[in-house]
Amino acid sequence: MNRAQEIVEHVLNEAGTALIAGDFSRFVGHFEIPVVVETYENRIVLDTEAALRDMFFSVHKYYRDLGVSQIHRCSISAAFDGADNIHASHINYVLAHGGLAQDAFAVYSQLRRGTAGWQVWCSQYAIPDSDLLNRVLSGDVDSASVVIGRGQEKLNLEEDEGQSAGFQVWRLASIRQSSDESGD
Numbered sequence: 381m382n383r384a385q386e387i388v389e390h391v392l393n394e395a396g397t398a399l400i401a402g403d404f405s406r407f408v409g410h411f412e413i414p415v416v417v418e419t420y421e422n423r424i425v426l427d428t429e430a431a432l433r434d435m436f437f438s439v440h441k442y443y444r445d446l447g448v449s450q451i452h453r454c455s456i457s458a459a460f461d462g463a464d465n466i467h468a469s470h471i472n473y474v475l476a477h478g479g480l481a482q483d484a485f486a487v488y489s490q491l492r493r494g495t496a497g498w499q500v501w502c503s504q505y506a507i508p509d510s511d512l513l514n515r516v517l518s519g520d521v522d523s524a525s526v527v528i529g530r531g532q533e534k535l536n537l538e539e540d541e542g543q544s545a546g547f548q549v550w551r552l553a554s555i556r557q558s559s560d561e562s563g564d
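So that you can map any letter, position 107 of the sequence shown is 487 in the working numbering, and since no number is skipped, the others follow by simple counting.
A hint or two may mislead.
Cβ pair distances, simulated, as ranges [unchecked claim]:
id	residue 1	residue 2	range
1	484	437	21 to 29 angstroms
2	414	437	13 to 21 angstroms
3	393	480	28 to 36 angstroms
4	423	456	20 to 28 angstroms
5	397	425	30 to 38 angstroms
6	383	452	29 to 37 angstroms
7	488	463	28 to 36 angstroms
Hints were generated in silico from the structure; no laboratory data involved.
Owing to the predicted nature of the structure, the values given are computational and were not obtained by experimental measurement.
Virtual Cβ for every residue (Gly too), placed ideally from N, Cα, C.
Construct the complete structure from the given sequences, taking the supplied hints into account.
Take a look at the structure:
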């Protein structure tokens with residue numbers, strides 16, 4: 381593993397652990413503000429710590445509701461672009477209930493070294509099988525509710541603490557079914 385990959389792996393592991401734990405204070409130090417987040421459908425700039433916090437808690441809630449216990453991130457490549465920039469790509473494996481919660485997906489990130497150390501300032505997510513996660517990352521969905529599939533159903537996540545694992549599996553299946561029906 382080269383030095384750029386070591387740096388990226390450290391940032392990925394720390395940020396992923398903080399995300400699953402819901403520990404924003406541990407997470408925020410790994411991101412430069414403003415931070416750019418791109419998905420297939422949208423590009424947003426989180427230009428304040430409050431905006432990053434909102435995104436963090438939306439994604440944390442999404443993962444918690446799926447029963448995610450771990451995010452395993454595997455660095456594919458990382459290379460320096462000058463002394464203070466790294467271009468990197470990795471695969472995310474989102475694990476829940478002893479298996480994958482969704483198909484693995486790729487992320488391309490750019491990190492910059494500043495006074496706070498190495499921080500992500502741009503991430504591009506390639507998530508073909510989860511309209512919902514793409515919407516959460518795009519800022520299309522607030523932390524109080526999410527839209528399932530193509531918007532035919534709505535689920536209020538503030539009242540879901542007692543959901544069974546069966547419901548969570550059904551919800552994931554409905555997202556995948558919606559994608560399959562569209563021919564994607």
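Consistency of the hints with the structure:
1. 484 to 437: 21 to 29 angstroms: 24 angstroms, holds
2. 414 to 437: 13 to 21 angstroms: About 18 angstroms separates the Cβ atoms of residue 414 and residue 437, which means 13 to 21 angstroms holds.
3. 393 to 480: 28 to 36 angstroms: 19 angstroms, violated
4. 423 to 456: 20 to 28 angstroms: 22 angstroms, holds
5. 397 to 425: 30 to 38 angstroms: Cβ of residue 397 to Cβ of residue 425: about 25 angstroms, so the range 30 to 38 angstroms is violated.
6. 383 to 452: 29 to 37 angstroms: Cβ of residue 383 to Cβ of residue 452: about 22 angstroms, so the range 29 to 37 angstroms is violated.
7. 488 to 463: 28 to 36 angstroms: Since residue 488 and residue 463 have Cβ atoms about 21 angstroms apart, the given range 28 to 36 angstroms is violated.
Hints 3, 5, 6 and 7 from the earlier list are contradicted by this structure; the remaining hints agree with it.
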